[in-house]
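S.K.: Both chains are sitting in their own frames, so use the hints and assemble them into the complex.
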Amino acid sequence: MFSKACEYGIRSVLFIAEQSQLDKRPNIVEIAKAVDSPEPFTAKICQQLARAGIILSKKGPNGGFYLEKKSKLTLAEIVTCIDGGSIFNGCSLGLPQCSAAHPCPVHDQFNEVREGLKKMCENTTVMQLSEKLRNGETFLKL
Amino acid sequence: MLRVKLVMFSKACQYGIKATVYIASQSSLGNRVSLKDIAFNINSPEAFTAKILHQLAKSDILDSLKGPTGGFVIPKGRAETIKLSDIVSAIDGDSIYMGCALGFESCDALQPCPMHNKFAGIRDDLKKMLQNTSLYELAHGLDDGMSFLKR
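Going line by line, the protein sequences match chains A and B.
Mapping to our numbering: the first sequence position 121 is 121, numbers consecutive.
Mapping to our numbering: the second sequence position 29 is 29, numbers consecutive.
Derived by calculation from the structure, the hints in this document are not laboratory data.
Incorrect hints may appear among the rest.
What the hints assert, rightly or not - Short, incomplete list of chain B residues facing chain A, as computed with Cβ under 7 Å:
#1 Val21
#2 Thr133
#3 Ser147
Unchecked claim - Once the Cα atoms are required to be at most 35 Å apart in a straight line, the calculated DSBU-like pairs of lysine-lysine come out as:
#4 A:Lys4 with B:Lys128
#5 B:Lys128 with A:Lys118
#6 B:Lys83 with A:Lys119
#7 B:Lys150 with A:Lys4
#8 A:Lys4 with B:Lys36
Just so it is clear, the structure is predicted and the values come from calculations on it, not from any experiment.
All residues carry an ideal CB built from backbone N, CA and C; glycine is no exception.
Chain B with its partners taken away, still in its complex shape (with noise of 0.2 Å):
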């Protein structure tokens, strides 16, 4: 039987968003977190989610510290300026906002895929969704104990 997960984000994306709020929520506490830590707390394999920090720190997201007392940290004050549109276009670029609903490598307002214009409202809503969330509040939510990031 065919079966296939959909999901809105790559599985890279939802472990970089993971990892981004983590390291947020521990950065507030004056943490810096290892690798290890990382891929322990938000369930995720240490392979690849170096990959992923590793692109995320080139977006400038967040900082890899070398050294004995190194480890993945966001500076204060950085976590108000990140959106949530911030860490996905790091990861998975524009393909969530600009990518055909159907799957056509050239469908636009002129030669339209069937979906276009119904998916045009809904990927608006995601786009300023993303745009309007920042990091601040995501690692607030897990610091107060809101959110989750393990099950």
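Next up, chain A with everything else stripped away, as it sits in the complex (with noise of 0.2 Å):
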């Protein structure tokens, strides 16, 4: 459902928030390594949610990217960086011009789970998941 940016966008967002609970500033090649994904991409991923200041990042020998411990980040926002919302707002078929006034056949059928998705990604805070990923309920690499 989600991109391959978006799923390695998440996955390093939910371990950087993991480690910083523990006040530790992962840098990319950790990163990669800890969620299973490929370096380059990786940086690359980081490096526009640190642009957005969706995660923030400190330079030098004990830099790497962090979060604040008590961040109210949601999944919402991640996703939204990441792809610009396109799959809370964009349509299944791919038209560009889709809305309820010009619909594509298939547009009232998935408003609904559409906005079953855009509500559980904007309920869902990054430091709730990673509290569950702490206590070894759910895991990152598998």
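M.R.: In structure tokens, the structure reads:
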């Protein structure tokens, strides 16, 4: 359902969130290894997220990526940053100008699913997810 | 700048749905349609569309008739029994229902990824919607001018 870039982006941010709670700031090499993603692609995605202020970065020998411990960052912010929100607003059939007034054949049927996805992403914070990760209830590398 | 478009369906699946809806709508008017006609009306590349139509014919979603009066057709009565889920699984398989939201190969309830439980509900909603939407109702909206296949 998510693009590869988005999958890696979410994985990376969740790892960064988990490490931030331990006062660590992982670098690209560590992130890529921890979430099983290709390094150059991960670097691109993390840079994009950092530029948008979604994640924070610190330069220097002890530098790396991190999040505020009390960050309220949601999944929706990550997804929107990487793809521009088309999964929440875009047409399921890829028509550029599909709308309620000018719907594609599956527009109405998809609206509810999309609304559900949007709400879930808006209501899920990265820190909620990373807590379960820390407790060993969920896994980032399988 | 990194920009990847996110959609629920693959490009092949999008074209497949549009082509099937178009063929169903034409079949209800008694028309058989050619590859060229389909590609033009759903704004898709011809060669790629041919591949997709072949897949759909193999799954008995549409019939492909050879000869001078040939073309693609969905016989009377079939559009009522075909669900959107049939079209999706003919082209994308089960990946939309089974795949992990974060792309892990061995994600399951026992070893869930962080998104696993959050996504289960969304996926169920999607599955239900696809299984409850018939090709007939989609093609009907098109016949009535209520929906559009091309912009």
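S.K.: Each hint should be assessed against the structure and marked as holding or not.
M.R.: Okay, the hints, checked on the actual structure:
no.: 1; hint: Val21; in the structure: holds (5 Å)
no.: 2; hint: Thr133; in the structure: holds (5 Å)
no.: 3; hint: Ser147; in the structure: holds (4 Å)
no.: 4; hint: A:Lys4 with B:Lys128; in the structure: holds (25 Å)
no.: 5; hint: B:Lys128 with A:Lys118; in the structure: holds (18 Å)
no.: 6; hint: B:Lys83 with A:Lys119; in the structure: holds (27 Å)
no.: 7; hint: B:Lys150 with A:Lys4; in the structure: holds (28 Å)
no.: 8; hint: A:Lys4 with B:Lys36; in the structure: holds (33 Å)
Violated hints for the displayed structure: none, as all numbered hints are satisfied.
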